[in-house]
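Protein chains in written order, with the working numbering: chain A, 1 to 215; chain C, 1 to 245.
Rather than coming from a laboratory, the hints here were simulated on the basis of the structure. Treat the hints with caution; some may be incorrect.
[What the hints assert, rightly or not] Derived lysine-lysine pairs resembling BS3-like cross-links, with alpha carbons at most 27 angstroms apart: (1) C:173 - A:125; (2) C:210 - A:89; (3) A:92 - C:5; (4) C:191 - C:210; (5) A:92 - A:75; (6) A:75 - C:187.
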Amino acid sequence: MTHSLHREGPLDLLSQEYVLFIYPARGFNYEGSGPKSRRLMEMLYHQGPANMLVTTLRRNMYSGIPQEEILNSIKDGAKIYCVFNDREKIRKTLTRIMEMDEGISIMVSGVIDRVRDVAAEVGLKPHTINLSLGIHGRRDRLPPADIRQFTTMCGHGMVSPSLIRDVIRRVKTGKLDFWNGSIVIAGPCSCGIVNPYRSAEMLKDLVPLYTVNRL
Amino acid sequence: MLIRKERCVGCGRCQPYCPVEAIYFEDLKSDVDQEKCYECGTCLRSQICPVDALEESPYMFDYPRALRKYFSDPNATHALTGIAGRGTEESKTNDVPNRVGPDEVGIAIEVGRPTLGMDLRNIQKITRAMAKAGITEIEAENPFNDMIQDHQTGDLKPELMGERVLSAIMEVKVKRTQLAHILGTLKEVAKEVDSVFCVDVITRLEPGLKVPAEVIRTIEAEGFTWRPNAKINLGLGRTNKRKES
Numbered sequence: 001m002t003h004s005l006h007r008e009g010p011l012d013l014l015s016q017e018y019v020l021f022i023y024p025a026r027g028f029n030y031e032g033s034g035p036k037s038r039r040l041m042e043m044l045y046h047q048g049p050a051n052m053l054v055t056t057l058r059r060n061m062y063s064g065i066p067q068e069e070i071l072n073s074i075k076d077g078a079k080i081y082c083v084f085n086d087r088e089k090i091r092k093t094l095t096r097i098m099e100m101d102e103g104i105s106i107m108v109s110g111v112i113d114r115v116r117d118v119a120a121e122v123g124l125k126p127h128t129i130n131l132s133l134g135i136h137g138r139r140d141r142l143p144p145a146d147i148r149q150f151t152t153m154c155g156h157g158m159v160s161p162s163l164i165r166d167v168i169r170r171v172k173t174g175k176l177d178f179w180n181g182s183i184v185i186a187g188p189c190s191c192g193i194v195n196p197y198r199s200a201e202m203l204k205d206l207v208p209l210y211t212v213n214r215l
Numbered sequence: 001m002l003i004r005k006e007r008c009v010g011c012g013r014c015q016p017y018c019p020v021e022a023i024y025f026e027d028l029k030s031d032v033d034q035e036k037c038y039e040c041g042t043c044l045r046s047q048i049c050p051v052d053a054l055e056e057s058p059y060m061f062d063y064p065r066a067l068r069k070y071f072s073d074p075n076a077t078h079a080l081t082g083i084a085g086r087g088t089e090e091s092k093t094n095d096v097p098n099r100v101g102p103d104e105v106g107i108a109i110e111v112g113r114p115t116l117g118m119d120l121r122n123i124q125k126i127t128r129a130m131a132k133a134g135i136t137e138i139e140a141e142n143p144f145n146d147m148i149q150d151h152q153t154g155d156l157k158p159e160l161m162g163e164r165v166l167s168a169i170m171e172v173k174v175k176r177t178q179l180a181h182i183l184g185t186l187k188e189v190a191k192e193v194d195s196v197f198c199v200d201v202i203t204r205l206e207p208g209l210k211v212p213a214e215v216i217r218t219i220e221a222e223g224f225t226w227r228p229n230a231k232i233n234l235g236l237g238r239t240n241k242r243k244e245s
């Protein structure tokens with residue numbers, strides 16, 4: 001579970017973002033799913049995702065692992081998680097997935113209206129929706145919303161609020177640029193769906209608002 | 001997680017990687033607060049330590065501490081279910097087994113998310129409230145089941161009470177008519193827990209990616225709102241012709 005439905009952030013940036021999951025069903029189409037998942041992942045590389053990971057290796061696109069090693073790790077039951085930051089790319093990807101017709105479950109997580117629009121354009125008939133009814137309980141204990149817009153990109157909570165503050169400090173003091181700061185933020189996420197392009201945009205907005213103690 | 005004191009050079013680079021700030025300075029070197037540590041392994045996986053001072057605790061898989069690992073490290077596969085992660089496949093593959101049918105809803109309660117985690121005493125408040133509301137059956141393969149001692153009361157196993165997990169997902173499936181009752185229960189128990197939980201509602205879609213009006217009306221009537229983003233199964237999965245073992 002990647003918690004992608006609870007991603008927070010400015011609506012204009014969330015609207016450009018589409019998280020895609022390829023998910024074999026245990027007991028139904030697990031067996032023989034390895035080659036199908038590999039074909040799908042090879043296709044995804046050509047569509048220009050912002051980030052991607054396969055669960056048999058759990059190292060994201062920016063980890064420095066060669067593509068061949070990532071693809072060779074795929075076996076039956078492997079799940080693929082990836083994120084696009086462009087409507088045209090997800091449209092083309094979904095069209096290709098329909099053409100390939102591998103029979104593996106496909107999920108897209110994004111702003112509902114946007115997904116509805118793309119699904120209708122490519123002729124899909126969505127089956128099930130997982131709605132987020134938000135966060136409940138001691139919300140006062142959460143980090144502030146400007147930090148959560150980064151940390152909630154990783155549903156398992158692997159991206160720490162302290163790391164976001166540390167990256168802001170390092171960008172502010174000239175030790176990292178926006179893009180490399182975003183790659184650092186994406187590193188701990190084991191689902192590979194932290195979107196470094198969105199992180200970079202958000203860092204540009206956020207960094208001027210923070211002060212740094214240089215002592 | 002442990003830090004080998006003889007190796008640590010006190011650079012502190014590992015500290016910001018800990019999601020719960022369990023790594024701190026002690027005598028100019030980093031140390032891990034074992035009570036706070038969820039055994040998620042983020043610090044070790046980051047490969048940030050320049051002298052390889054981080055190491056997994058030899059007691060990490062001892063029961064009941066092992067729960068921290070299973071429910072906090074996405075790379076760990078739960079010994080009971082054989083599934084990596086905190087929940088099952090819920091909506092992600094619903095187009096194949098049709099686990100959630102047309103007159104049903106799935107409800108997922110993601111305890112401790114985002115990032116705060118939750119101790120088992122607080123989780124028990126939720127399981128007890130759900131049991132009191134008549135929800136005594138949790139999704140069969142959900143590792144949550146392994147924590148429960150008595151499904152009728154929602155009591156967790158007493159030996160787990162000192163443990164904490166970064167995230168666990170309690171998944172149930174009910175008739176749509178029961179949704180209001182459960183949402184009302186969750187609204188009440190939210191006042192009692194000392195952490196956070198996220199609520200998901202999983203439902204079949206009508207043509208044109210339309211959420212059934214009955215579900216929408218219930219959510220609104222119980223004072224909940226839904227986020228503009230959601231996870232949507234596109235209906236492209238199908239079962240293998242040959243039955244799987």
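These are the hints, each one checked on the structure:
The straight-line distance between the Cα atoms of residue 173 (chain C) and residue 125 (chain A) is roughly 23 angstroms, inside the 27 angstroms bound, and the hint therefore holds. Simply put, residue 210 (chain C) and residue 89 (chain A) have alpha-carbon atoms about 24 angstroms apart, close enough for the 27 angstroms limit, and the pair holds. Straight-line distance between C-alpha atoms of residue 92 (chain A) and residue 5 (chain C) comes to about 53 angstroms, which puts the hinted pair past the 27 angstroms bound. Taking the CA atoms of residue 191 (chain C) and residue 210 (chain C), the gap is about 32 angstroms. The hint is violated against a cut of 27 angstroms.
About 26 angstroms separates the Cα atoms of residue 92 (chain A) and residue 75 (chain A), which keeps this hinted pair within 27 angstroms; it holds. The straight-line distance between the Cα atoms of residue 75 (chain A) and residue 187 (chain C) is roughly 42 angstroms, outside the 27 angstroms bound, and the hint therefore fails.
Comparing the model with each numbered hint stated earlier shows that hints 3, 4, 6 do not hold.
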